[in-house]
Amino acid sequence: MAVVHRSHKATFEEPPTLQARAMDNLKFIRETMESAASFTAVPGWGMVAVGATAALAAFVAARAGTKEMWLLVWLAEAFLSLLVAGWAISRKARAANVGLLSGPGRKFALSFTPPLFVGALLTIVLLRLHLSEVVPGMWLLLYGTGVVTGGAFSVRIVPVMGLCFMLVGAVALFCPVAWNDYFMAGGFGGLHILFGVEIARRHGG
Amino acid sequence: MARTAKIIKDVSETQDASGERAKLRGVRGREATDNSPADLDRLIHERMRLGVVSALAVNQTLSFNELKKLMKTTDGNLSIHARKLEDAGYIKCTKSFDGRIPKTEYALTAPGRRALERYLDHMEALIKQTREG
Numbered sequence: 001m002a003v004v005h006r007s008h009k010a011t012f013e014e015p016p017t018l019q020a021r022a023m024d025n026l027k028f029i030r031e032t033m034e035s036a037a038s039f040t041a042v043p044g045w046g047m048v049a050v051g052a053t054a055a056l057a058a059f060v061a062a063r064a065g066t067k068e069m070w071l072l073v074w075l076a077e078a079f080l081s082l083l084v085a086g087w088a089i090s091r092k093a094r095a096a097n098v099g100l101l102s103g104p105g106r107k108f109a110l111s112f113t114p115p116l117f118v119g120a121l122l123t124i125v126l127l128r129l130h131l132s133e134v135v136p137g138m139w140l141l142l143y144g145t146g147v148v149t150g151g152a153f154s155v156r157i158v159p160v161m162g163l164c165f166m167l168v169g170a171v172a173l174f175c176p177v178a179w180n181d182y183f184m185a186g187g188f189g190g191l192h193i194l195f196g197v198e199i200a201r202r203h204g205g
Numbered sequence: 001m002a003r004t005a006k007i008i009k010d011v012s013e014t015q016d017a018s019g020e021r022a023k024l025r026g027v028r029g030r031e032a033t034d035n036s037p038a039d040l041d042r043l044i045h046e047r048m049r050l051g052v053v054s055a056l057a058v059n060q061t062l063s064f065n066e067l068k069k070l071m072k073t074t075d076g077n078l079s080i081h082a083r084k085l086e087d088a089g090y091i092k093c094t095k096s097f098d099g100r101i102p103k104t105e106y107a108l109t110a111p112g113r114r115a116l117e118r119y120l121d122h123m124e125a126l127i128k129q130t131r132e133g
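These protein sequence lines map, in sequence, to chains A and B.
Counting in our numbering, the first sequence runs from 1 upward without gaps.
Counting in our numbering, the second sequence runs from 1 upward without gaps.
Some hints could be false.
Derived coverage of chain B by chain A (criterion: at least 3 residues anywhere in the stretch with Cβ under 8 Å from a Cβ of chain A; other residues may be distant) [said to hold, decoys possible]:
(1) 46–52
(2) 58–66
(3) 117–126
Everything labelled a hint here was simulated from the structure, so no lab data went into it.
What you are looking at is a predicted structure, and each value in this text was computed from that prediction instead of being measured.
We put the CB at the ideal spot given by N, CA and C, even for glycine.
In isolation and in its complexed conformation, chain A is listed as follows (with noise of 0.2 Å):
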């Protein structure tokens, strides 16, 4: 009876319907479309303009007769960059026509964010600690980081860039204090700038 049963069964088994395909395939066209995407929003002459903001931070940050002028300008620059960078990256996307907060550029912002904040977070701490000397390292290291993991949904030259800021970060943090001026300008400038050349030259401004 089992076996009459089974067959029974098997005989009303249908395909799926037309509009079922349809759902599959349109969802199958999604899935493709975000893994091949790459978000190439990231702006090369953006980052060149952020690079150039941030080795003129350096060189008057280096002058500041105290720390806390010297975090206020950094300060500054962090927020004037931010303004740079989104009004860069927003207009890119526009002209691509590229969403930004679907798919890749999604993924990009979430991985992007959280070694930013906690740099900001480690920023407080350390400064309550009077432990100023170790934050262009600190920041230097926890930026390269978030590009790293952000990067790992953009072109390839995005974690690239990463990577030298960690390195540039990693070595900071053992360098003497007087030192660093230098490399938040060769960080944060001269990267930013080098990079944001070669980006615009390969993916757009």
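We have chain A; now place chain B onto it with these hints.
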């Protein structure tokens, strides 16, 4: 690109709204005959070719190896399907040398993009019928 980005968003919304109903109706095979697939583009209906066209729709170019990795397939299988798309004029193949290493790159052509858009419209129409049915 705008069209494909919009489709990615639309597909998610469509699936959220009518996914359950489609599943419920999925076993009633006879209802499918209402949607004749007569004008369905068989060339890109096949999974591998649909994947290749979709991947190229969001990239200016993709190399043979990138496509192979993305589609998780073999050299031979990808070659066969890519050739069919190339013969239909849906994709363009460019062969060059990177130093001494031969490099094959694919790009979606305008007819290929239009074919994908037609296919997406067709799929959307089928789902719309489910919603209204």
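Here is what the structure says about each hint:
1. 46–52: holds (count 3)
2. 58–66: holds (count 3)
3. 117–126: Holds, because 5 residues of the region 117–126 of chain B bring their Cβ atoms closer than 8 Å to Cβ atoms of chain A.
The structure fails none of the hints (numbered hints given earlier).
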